[in-house]
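Enquirer: Residue numbers (numbering that gives the first Met the number 0), protein chains in the order written: chain A, 0 to 302; chain B, 0 to 302; chain C, 0 to 302.
I should point out that these hints are in silico values taken from the structure, not numbers from a laboratory. Mixed in with the good hints, there may be bad ones.
No distinction is drawn between identical chains; accordingly, a pair holds when it is met within one copy or between any pair of copies.
List time: in silico DSSO-like cross-link candidates among lysine-lysine, alpha-carbon distance up to 27 Å [unchecked claim]:
1. Lys225 with Lys105
2. Lys156 with Lys230
3. Lys286 with Lys193
4. Lys220 with Lys105
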Amino acid sequence: MSKLLIDLLKINSVSGNESPMTDFLIEYIWKRKDHWKVQPEVYFGEDFHDCLLLKFGKPTGAVFSHIDTIGFSTRYENQLIPIGGPEIEQGTRLIGHDSLGPISCKIILNDDFAFHDFPRAIDRGTLLSFEQSITIDDEFIQAAYLDNRLGIYNCLKLCEELENGWVAFSTYEEHGGGSVPYLLRFINENAPIKFALISDITWVTEGVQHHNGVAISLRDKFIPRKKFLEKILSLAEESGIPYQLEVEGSGGSDGREIQFSPYPIDWCFIGAPEDNVHTPQEKVSLKDLQNMVDLYKYLMKRL
Amino acid sequence: MSKLLIDLLKINSVSGNESPMTDFLIEYIWKRKDHWKVQPEVYFGEDFHDCLLLKFGKPTGAVFSHIDTIGFSTRYENQLIPIGGPEIEQGTRLIGHDSLGPISCKIILNDDFAFHDFPRAIDRGTLLSFEQSITIDDEFIQAAYLDNRLGIYNCLKLCEELENGWVAFSTYEEHGGGSVPYLLRFINENAPIKFALISDITWVTEGVQHHNGVAISLRDKFIPRKKFLEKILSLAEESGIPYQLEVEGSGGSDGREIQFSPYPIDWCFIGAPEDNVHTPQEKVSLKDLQNMVDLYKYLMKRL
Amino acid sequence: MSKLLIDLLKINSVSGNESPMTDFLIEYIWKRKDHWKVQPEVYFGEDFHDCLLLKFGKPTGAVFSHIDTIGFSTRYENQLIPIGGPEIEQGTRLIGHDSLGPISCKIILNDDFAFHDFPRAIDRGTLLSFEQSITIDDEFIQAAYLDNRLGIYNCLKLCEELENGWVAFSTYEEHGGGSVPYLLRFINENAPIKFALISDITWVTEGVQHHNGVAISLRDKFIPRKKFLEKILSLAEESGIPYQLEVEGSGGSDGREIQFSPYPIDWCFIGAPEDNVHTPQEKVSLKDLQNMVDLYKYLMKRL
Numbered sequence: 000m001s002k003l004l005i006d007l008l009k010i011n012s013v014s015g016n017e018s019p020m021t022d023f024l025i026e027y028i029w030k031r032k033d034h035w036k037v038q039p040e041v042y043f044g045e046d047f048h049d050c051l052l053l054k055f056g057k058p059t060g061a062v063f064s065h066i067d068t069i070g071f072s073t074r075y076e077n078q079l080i081p082i083g084g085p086e087i088e089q090g091t092r093l094i095g096h097d098s099l100g101p102i103s104c105k106i107i108l109n110d111d112f113a114f115h116d117f118p119r120a121i122d123r124g125t126l127l128s129f130e131q132s133i134t135i136d137d138e139f140i141q142a143a144y145l146d147n148r149l150g151i152y153n154c155l156k157l158c159e160e161l162e163n164g165w166v167a168f169s170t171y172e173e174h175g176g177g178s179v180p181y182l183l184r185f186i187n188e189n190a191p192i193k194f195a196l197i198s199d200i201t202w203v204t205e206g207v208q209h210h211n212g213v214a215i216s217l218r219d220k221f222i223p224r225k226k227f228l229e230k231i232l233s234l235a236e237e238s239g240i241p242y243q244l245e246v247e248g249s250g251g252s253d254g255r256e257i258q259f260s261p262y263p264i265d266w267c268f269i270g271a272p273e274d275n276v277h278t279p280q281e282k283v284s285l286k287d288l289q290n291m292v293d294l295y296k297y298l299m300k301r302l
Numbered sequence: 000m001s002k003l004l005i006d007l008l009k010i011n012s013v014s015g016n017e018s019p020m021t022d023f024l025i026e027y028i029w030k031r032k033d034h035w036k037v038q039p040e041v042y043f044g045e046d047f048h049d050c051l052l053l054k055f056g057k058p059t060g061a062v063f064s065h066i067d068t069i070g071f072s073t074r075y076e077n078q079l080i081p082i083g084g085p086e087i088e089q090g091t092r093l094i095g096h097d098s099l100g101p102i103s104c105k106i107i108l109n110d111d112f113a114f115h116d117f118p119r120a121i122d123r124g125t126l127l128s129f130e131q132s133i134t135i136d137d138e139f140i141q142a143a144y145l146d147n148r149l150g151i152y153n154c155l156k157l158c159e160e161l162e163n164g165w166v167a168f169s170t171y172e173e174h175g176g177g178s179v180p181y182l183l184r185f186i187n188e189n190a191p192i193k194f195a196l197i198s199d200i201t202w203v204t205e206g207v208q209h210h211n212g213v214a215i216s217l218r219d220k221f222i223p224r225k226k227f228l229e230k231i232l233s234l235a236e237e238s239g240i241p242y243q244l245e246v247e248g249s250g251g252s253d254g255r256e257i258q259f260s261p262y263p264i265d266w267c268f269i270g271a272p273e274d275n276v277h278t279p280q281e282k283v284s285l286k287d288l289q290n291m292v293d294l295y296k297y298l299m300k301r302l
Numbered sequence: 000m001s002k003l004l005i006d007l008l009k010i011n012s013v014s015g016n017e018s019p020m021t022d023f024l025i026e027y028i029w030k031r032k033d034h035w036k037v038q039p040e041v042y043f044g045e046d047f048h049d050c051l052l053l054k055f056g057k058p059t060g061a062v063f064s065h066i067d068t069i070g071f072s073t074r075y076e077n078q079l080i081p082i083g084g085p086e087i088e089q090g091t092r093l094i095g096h097d098s099l100g101p102i103s104c105k106i107i108l109n110d111d112f113a114f115h116d117f118p119r120a121i122d123r124g125t126l127l128s129f130e131q132s133i134t135i136d137d138e139f140i141q142a143a144y145l146d147n148r149l150g151i152y153n154c155l156k157l158c159e160e161l162e163n164g165w166v167a168f169s170t171y172e173e174h175g176g177g178s179v180p181y182l183l184r185f186i187n188e189n190a191p192i193k194f195a196l197i198s199d200i201t202w203v204t205e206g207v208q209h210h211n212g213v214a215i216s217l218r219d220k221f222i223p224r225k226k227f228l229e230k231i232l233s234l235a236e237e238s239g240i241p242y243q244l245e246v247e248g249s250g251g252s253d254g255r256e257i258q259f260s261p262y263p264i265d266w267c268f269i270g271a272p273e274d275n276v277h278t279p280q281e282k283v284s285l286k287d288l289q290n291m292v293d294l295y296k297y298l299m300k301r302l
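The shape of chain A in the complex, shown without the other chains (with noise of 0.2 Å):
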């Protein structure tokens, strides 16, 4: 598995404080993108919070990743308030850092409610994750947030090979979003585009399964539209790689900021299954993980 990988995911960026995952994208940007066969225009700061916005070539779509990660808040005595939706266990380790230093310590489930096990109190406010643990076998990846490092990852890999495009890395996913309008205001005003795809993990269900595939994703909450799931479709056939179609009643994604917006942008989640969704042990096949990077850079020359 690449360094670039294990990097990523030891990064902690829970949602409202992304910005360690935006500083190491611009280093790693900087140092990598001369070996890539366009030079994009990067655009970050202040005017972009904590995003980053890279533009190929002459656009006509783009690739959403986001960056943030769920986790909790702490409250007061003791008390945990769950960022985006992590599962909520009974001894799971969780990392911080406050004013008096760094923090780790375990969930403790009182009653349905959660607390921390900490020595001390905690200042109020402070963002906590799950402690990492990633293990690699010759099949599978299993860490702490693949969902979204994945996506990440699978956007810097398309990196290396796109032409034209915008990828887009966006904050505050996990917890409601907010980041993809503005994002898709200045994409709009600079190089317009038509569709978005976008790269995040999915769930492992009885139709999804390890190994099949990448997903692409027919519907989650909300539904792309049909004329262009099967322009998609006809594409993912014609390459060759191995994909499996997923049907999803509930859930949610960068996508939903998408269909919402003020321009008519098609859009479409494609993106490697994972089982243990949200907890410290999300699992995702290796080889899924590869034909989502095969997929997009397919995808993207095409669409």
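Using the hints provided, position chains B and C relative to the given structure of chain A.
Expert: Only chains B and C this time, still in chain A's reference frame:
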């Protein structure tokens, strides 16, 4: 009853795949507009996805009518997932089409989950609609999808006499929306509006009954501005056209997306009430429908 | 307590019908602005619906204060439907006005449904408010609608000294919002901002108590950006003004619409805490209110 209405009722256009209705409307408008009082500019195509916009004269307002319907997506293992909020009843007949051909099946309920009974697997993500069955007598029309074929019908009747105003055919209304934002942006950049009427069908309740006139909604989940409601009510009273006042605490329409748009646009939902909402047997008084058509013509001249 | 605050508390402006408050503010601002340090540009009228915008100097930020209140709509058969989230208690007195004259009635609860006891039918869709009753002693003010009359009061006190910044009086906040998007669009086209403070009233809880200072909210249902919170906290600390830190998992404000706007604008909710939230007996510490006024003046000079 007019052939137009029957034609409209026979077209399938579940949210996400409204293009059959768009195609019908384009053809209908093309054939009929020479007989209209004012020739509109007609906007459609990929920049509007499956929506359609007509601009008559110098608009200060718009009428919105959604062209999508509720329905179902097929999932895995014969499961059905709702699109919008259909009533899910044992034995309801559904139709559709996948790669292997036409589909006609029934809903089977099992432990509150919905399945189809089609003898073969249906392609994942296939969109299914209620089978249509139209009954008309002297007083009522009964059919699937009166919501919102009657709203479209109302708009097309309005087009015959409209001198100034936008007519907007929107998509995705039954499933959370998403087209109104880009339609409003286009409208605002082309010929901005101060108000919008929502041409849609509402509910028969203890306060809103068949044959008592078109319903003017004073609120649903959202609340129009009192100043605008007062203007509408004063014109409705002056018109002599039968109407009734609706007050609901839930439900929504394209009015919701106008309320939350970045433009200060007043809105009001005005439509005939129906019984058996979101079933294949929606039922509307023909008299109420005629009152709806008459009131829209009256209001769009004077607002 | 100032006459201004008493005047504000006596005005009815339920969501959807905020114009009485708008009219009061226009008149107040007209009379008083000559005494203000900087003369603002004042924007109102039909292009702003019932909102009001003041631009002081060269703004980089804004303060938002909502001018609507919770209340009730009358439905059929003496039913009441809530507007926003009022506490619905047996016997609470409500007032309003319909075509037949003034209304004063009580809430009757029956099987969890709310009715009024007015001896005649009330016009459908009439807006009712809590009857006002104001009590002030050395420590506390108690009245209906401190949320958000105190937020408005805070803004008007700020106006006396504000040199650079927008002050925005928004509508519909209690009932889902809808005015902030067009206010932000106007602001962005006229004099864009980097940040917004939400001048509103929050809750007394186990962690936020009367007399402990104005509450700075580190999160509610939504999460401001950590970088911006740190700037606020550092200025608050430096100011010497008493404040307390709030951390909630639910609740929202105009900050929500700023978060989801198409502009990269940081936001933070800062306001005195109240007891008996959304009842006719909301209660706030006068000291906390003064701290709120002082902190806004301090921050708006330095952010």
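Enquirer: Taking the hints in turn, state whether each one holds.
Expert: These are the hints, each one checked on the structure:
no.	hint	result
1	Lys225 with Lys105	between (46 Å within a copy, 23 Å between copies)
2	Lys156 with Lys230	within (23 Å within a copy, 36 Å between copies)
3	Lys286 with Lys193	neither (30 Å within a copy, 44 Å between copies)
4	Lys220 with Lys105	between (33 Å within a copy, 24 Å between copies)
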